[in-house]
Every structure is written in C-alpha cells, then in structure tokens.
Amino acid sequence: MSANWPLIRRDYVSPGFQRIHLDACFPEMMTADPATCTWPYLRHGPHLWYGDRRFPGTGFLNRDEVHILYNTALRFEGRPALEIGCFMGWSTCHLAAAGVDLDVIDPILGDTAIRDSITTSMTAAGIVRAVRMHATTSPDGVTTLGRLGMRWSLIFIDGDHEFPAPVRDAVIGERYAAVDALIMFHDLNAPAVAEGLYYLRDRGWDTRIYHTSQIMGVAWRGAVSPVDHVPDRAARWPVPEHLRDLV
Amino acid sequence: MRVCCVLSSDAAFFHQAAASIDTMRQALLRLPQHAVEIAFVAINLPAEHLDWLHRNGVRVHSDLGDFPRFPGAPDHTYALTCRPYIPWILPEYDGYVWVDSDIRFLSHEGLVPYLEGLAAPEISVVAVQETEAAYAVHTEPRLAQVYHSARNRRLSQVYGDEVMQYCQYFTPFNGGLFAATADSPIWARYRRNLDKALKVPFDAMLEQDALNVSIQEVGDWRRLPTVMNWLCSLRMPEKAADGTWRHPDEPFRQVLVAHLTNSSAPVMLPDGPGTYYDQYRSAGLTV
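As given, the protein sequences belong to chains C and E, one line each in that order.
Those letters in the first sequence? Residues 1 to 247, by our numbering.
Those letters in the second sequence? Residues 1 to 287, by our numbering.
Accuracy of the hints is not assured; some may be wrong.
[Claimed, not checked] Keeping only pairs whose Cα atoms sit at most 20 angstroms apart, straight-line, the calculated DMTMM-like set for lysine to aspartate or glutamate is: (1) E:K196 with C:E174; (2) E:K199 with E:D183; (3) E:K199 with C:D245; (4) E:K196 with E:D66; (5) E:K199 with E:E109; (6) E:K196 with C:D140; (7) E:K196 with C:D180; (8) E:K239 with E:D249; (9) E:K196 with E:D249; (10) E:K199 with C:E28; (11) E:K199 with C:D160; (12) E:K196 with E:E250; (13) E:K196 with C:E241; (14) E:K199 with E:E162; (15) E:K239 with E:E92.
Treat the hints as calculated values from the structure; they're not laboratory data.
Keep in mind it's a predicted model, so treat the numbers as computed, not measured.
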C-alpha cells in the first residue's frame, strides 16, 4: 500500500449528482486493498476500491466513477446505449438503472456462472429487461450489431485495456455512434486507453477528463453534453504525462 | 469518387518523381472510369520543376509550414512527414493514394486494387505487407535480424515496450504506396503516431513505423500481394520475354508495381561500383 495515502479509505461522490446505491444487488462485492492488484496502472488513492471476492485483483468503478457514469446515463434515458466490457455487471446495472436501452458486449458473458451472476444482479436491480447481453468481443461484436442498424447515443468503453484494443473500440464506437452521441472511457490512467480518447479528439469530438481515481474521459458531439464533476479536493490527483495534451 | 494520387520530392529526387508520374499517367489512361488527379508536395523545387508539374496537370502544394518536421532532419524529409496531412491540405477528394517518387507502375493493373479499395467504406487502408519469401530480409538470417531488431528498437523508443511486443513478430506494411479514404480513421492515428516519432532522433523508417502502429490500432486493413509494391532492393524482379516483369522465383506472377527502394545506396554492378538506381536503370525498370 502506498505510504502517500491514509490507511482508511472512503467513498466520494461529486456534489450535484443524483445518488444511487446498488451494493445490495452485488452480494459478492467487497472492498479491497489495491496493493493486491498487479496491474501497473491502478492508482492507490484515498477512495475505496471495490471488487468481487470471487475474482480478486480486478476492480469495479469506484463510487465516484460510477456516479459519473450513472448521472451521464440519466441524460440518455430511453436512448440506445452500448457497453464494451462489463466484468460483473456493476457498471451495467448503473447504466441501465438510468433508463437507457442497453447492449452489453463482453466475451466474459460466455461463462455461464458469470452470466448468471450478472443476471441475478440485474434482476435485483430491476433492470434485466433493459439489457441485451452479447457474449462476444469488440470490435467484431459491435460491427455485427452495427450492421443490423444499431446506432448508440451513449457508449461506455471499459474493455480490453491493452494496445491496440482501446483505439479499435473507439474507432468502431464512432462508426456506429448516433449523430448526437457521447463516448465515455474508464481507466485513462492506462496509456493505451487514453489513445482511444485521443483518437476521438483528433476526429473532431469535444473531449474532457474527469479526475477520478482511475481517470475517466468523455468525448461528445452534437446535441449532447457531459455532466459536470467536482473532483475530490482531498485527493490531489496528479495528471499523468500521457494525458497532458487532453487536459 | 474523386481520388488524388499524391507524391512529394525535392529537386534532387525530382527526376524520380517525374518518372513515377509518367508511369502513373500511362496507367490512368487505361483507367478512364476512375476520376483521379495527381498532386505534389513540392519541397523547395526550382521554377523549371514547378513548370513541368503544371504542364502535366499536377496540382502543387508548396507550403511546407503545413507539416511538422523531424528536428535536425534535412528538408527532403517533408516527403515523409507530409503524408498524414494529405486530407487536410487537399480536402476536396474522397480518397487518396500516396505514391513514393521511386514507385513505378509497370502496368495499369497495379493501380487498380488501390483505387478499388477506396470504394469499400469499411477498409481503413490498402497496402502491401513486406512479407515476401523471396526478399533478402527473409532469405538471409543476418539481414532478417537487422530488419526486425532495428524496427523493434525504434518501436520501443517511440511507443513503448507494450506496443513493440505486440508488433515485433508482425511484418510491417510498406508505406511507400497506400490508399485510404478521406474519412478513414487511419489519418488521425497516423498524425498522432508520427507526432510521437518526432520526439526522437530522426530515422528514415520512423514514419513507416507510425503508419504501421496506426494500422494495428484501427484494423480493417486490406493487404495486397507483394507484386503490387515490389521492393526491388530486397530482390530484383526478372524481365520475361514478353517484356513484363516477373517474380524471380514464381515467374507465373507478374510484378505490377516496382518500388525502386534504396536507389542511392551503393551496390556492385557487373562493370564496377554503382548505385541501385544504376542497376534499376540498366535493367530497364526506369528511365
């Protein structure tokens, strides 16, 4: 554990956000010590890090981040949304709880036990009918749906974080995004993920960074806009060098 | 679809560029169904060269301030750094074909797959991979080692070990001849990756690396066979009795595009030392 942060972590939610608390829908959810994660791009900050006790070492969006996602999705209520990478369905439930019509793509959904667990969580959250799960990879799975005519207004990318996947997700997301659309990324602290946001910026999308533990990013075009977020002042998040051009 | 074939050179290489344009114009005469124009990024060309281009109906772009530059590199390297900016300096086209000045279209059929690739909207780029069993970099282990290890060093230096490890066993695409639509995602990534490469000491292959990293990132490439961009310094094609150029090991395959690579590099010829370009000229691959 980093010596720079207090041993007791806490949750944080930006002022002005509508709150949601779906923890009860995830009975295997736990707080974890980020020091147990070997991924080099996980930051050890003052906010609680959540995961699933069946899969130690892999985390969820934290409370701060999942509220950015949820409050963003509230602006897209009733519109089609796409999630690339869902892990145990934590972000999925927050997206769908905001009222979007959601397609979820993740090869992990081919694992029956995980799919059942996610379905149980979605049922508990009362959103299972708003979600279509696709056990496939991006970009091929996105292309398949796109060729069927799907166009998404909101796209959340939290899939494969390694080169070249994030840019490919951004490329395919842009291809099948609605005219008025917003694309959001988690884990911009990973340089390869940040390149996805750079791609959209370089294609003319407006972009913005959210200073959270793992750093989120958003790109938008047309008649949509991102939510405003007040970062935790106590956190004093440094901006990684690879994000300097986006700030 | 309006297509623009784009070349670039300085005065010292202009004879090559003019020869390339000549072969391209000959090819285009056989392809009247395609609306193709030729444009040129002129690197400090004298009036006589500019006049030649105008007389031959070639559009000229002379503002080198539109392009970045490798620190300390000579002016002729604008022919490398201008490439990702083609859609911005020539915005009125639907697609582009980049043509190195040392490219020779030996047949109009060599241009066709590049033009046809532009009609497929989901194709990000059309190019030839340098995967050809006949090339010296595949037949000579020491050359293969240099070819791959040098590229891996560059990739690691510019893009980091993760990118290098992903790309290290993948033979790159040649950047001397490629086609992409105006809206292809390749351009944005090509610009970004070239921008990263500008931060390290100049190497003539950095630009091709940037294109290749971009190709990996955006996917959806169309790979053409090597006879559509034959790298002559890695293996000379052979001339057949009917006047066509052929794959040296598989004579049933016609070489349709010759890439006169490493033209100024020294090579031992039958009558003494010369350059690859001397060899190409005496073989009849170029004027």
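- Query: So which of those numbered hints doesn't the model satisfy?
  - Reply: Hints 1, 2, 5, 6, 7, 9, 10, 11, 12 and 15 contradicted; others consistent.
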